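Going by my numbering, the first residue of the sequence shown is number 174, and it counts up by one from there.
A hint or two may mislead.
In silico SDA-like pairs for lysine to any residue, Cα to Cα no more than 25 Å straight-line [as the list claims (entries may be wrong)]: (1) Lys-429 x Val-414; (2) Lys-429 x Gly-418; (3) Lys-429 x Met-357; (4) Lys-429 x Tyr-354; (5) Lys-429 x Arg-360; (6) Lys-429 x Trp-363; (7) Lys-429 x Ala-371; (8) Lys-429 x Ile-350; (9) Lys-429 x Ile-327; (10) Lys-429 x Leu-352; (11) Lys-429 x Leu-367; (12) Lys-429 x Val-370; (13) Lys-429 x Pro-375; (14) Lys-429 x Leu-372.
The hints are simulated quantities; they were obtained by calculation from the structure and are not laboratory data. Being a predicted model, the structure only gives us computed values, none of them experimental.
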Amino acid sequence: MLLLAVPTIVSLGHQTWSTEAGAHGPIVLATGLWLLSHNRIDLTAGRRQHGLALLAPLILALPLYAFGRAYDFISLEVGALYLVFLVALAQMAGVAELRRNLFPLFYLAFVIPPPGWVITYITAPLQTFVSYVAVSALQPLGYPIARSGVSLTIAQYQLLVEDACAGMNSITGLVAISLFYIYMIHRASWRYALLLVALIIPVAVFVNILRVIALILLTYYYGDAVAQGFMHVTTGLVLFVFAIGAIFVIDRALQKLFGAGRTEQAA
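Working from the sequences, and respecting the hints, build out all of it.
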């Protein structure tokens with residue numbers, strides 16, 4: 174397993190994890206493995222009677238891993254490695270232990286970077302929506318801004334709302350971290366947990382609208398070099414932290430309003 178995992182983790186570190194889109198990856202990997210340890214997964218519970226049944230997914234996963242590794246398809250490579258990991262756990266711990274640790278295993282799947290075509294498909298409507306709302310918010314305030322699709326023009330500057338600004342990066346990371354928080358705090362109250370999960374994406378989209386507005390104003394007042402330089406990343410980090418804080422605040426507000434979610438923490 175380590176022979177497959179180490180090269181893939183190195184590739185993730187050089188590619189996906191070094192970008193804004195995959196910055197949550199190391200956190201998810203570390204906390205996901207911690208969850209398995211925290212739940213005291215029994216790696217000796219397997220009876221090894223599932224050997225033949227587990228052979229089929231392993232036969233599928235290994236060629237996919239080799240293909241992804243050879244042709245630099247990182248999503249395929251990591252996805253295949255994840256399947257090998259599940260097969261290894263099932264063999265050692267048994268299927269019952271996998272069911273008991275269903276959430277940690279689902280959470281670890283966020284380490285798999287989504288393919289580029291998936292990001293493009295999802296972010297296309299988000300880009301349009303974020304652009305529309307940002308322009309609609311600034312035009313009544315007298316700013317000389319216009320929109321053509323996802324291309325924005327303010328004064329003499331032209332901006333393009335890309336995938337990062339549309340919210341895909343923050344949505345993925347925010348969903349993963351929020352799920353970890355919800356699982357640890359509200360594990361016993363699944364209805365309340367589902368309510369919080371449903372609020373994650375609206376919060377992420379709202380925060381990214383604020384980010385686009387902030388970048389537009391930075392461009393207007395300080396020029397394109399400032400907005401597209403260090404402030405581009407800085408606004409993303411600040412608003413990501415703000416989004417996480419917003420989830421915590423919403424959680425507290427809902428608890429006070431409905432008296433929900435007051436459950437004991439996961440043991």
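Each hint, compared with the structure:
1. A threshold of 25 Å between alpha carbons decides the hint, and for Lys-429 with Val-414 the separation of about 23 Å falls inside it, so the pair holds.
2. A threshold of 25 Å between alpha carbons decides the hint, and for Lys-429 with Gly-418 the separation of about 17 Å falls inside it, so the pair holds.
3. Between Lys-429 and Met-357, the direct Cα distance comes to roughly 19 Å. Compliance with the 25 Å bound is thereby established for this hinted pair.
4. A threshold of 25 Å between alpha carbons decides the hint, and for Lys-429 with Tyr-354 the separation of about 18 Å falls inside it, so the pair holds.
5. Straight-line distance between C-alpha atoms of Lys-429 and Arg-360 comes to about 18 Å, which keeps the hinted pair within the 25 Å bound.
6. Between Lys-429 and Trp-363 the alpha-carbon distance is near 18 Å, which keeps this suggested pair within the 25 Å criterion.
7. Under the criterion of a C-alpha separation no larger than 25 Å, the hint pairing Lys-429 with Ala-371 is consistent with the structure, at around 19 Å.
8. Pair hint Lys-429 plus Ile-350 holds up; C-alpha atoms about 23 Å apart against a cutoff of 25 Å.
9. Among the hinted pairs, Lys-429 with Ile-327 is inconsistent with the structure: their alpha-carbon atoms are about 43 Å apart, more than 25 Å.
10. Distance hint between Lys-429 and Leu-352 is fulfilled; the C-alpha atoms sit about 21 Å from each other, no more than 25 Å.
11. With a C-alpha separation of about 17 Å, the suggested pair Lys-429 and Leu-367 falls inside the 25 Å cut-off, and the hint holds.
12. Restraint check for Lys-429 and Val-370: satisfied, since their Cα atoms lie roughly 18 Å apart, inside the 25 Å limit.
13. For the hint pairing Lys-429 with Pro-375, the CA-to-CA distance comes to about 21 Å; that is within 25 Å, so the pair holds.
14. Of the pairs offered as hints, the one joining Lys-429 and Leu-372 holds, with about 17 Å between alpha carbons and a cut-off of 25 Å not exceeded.
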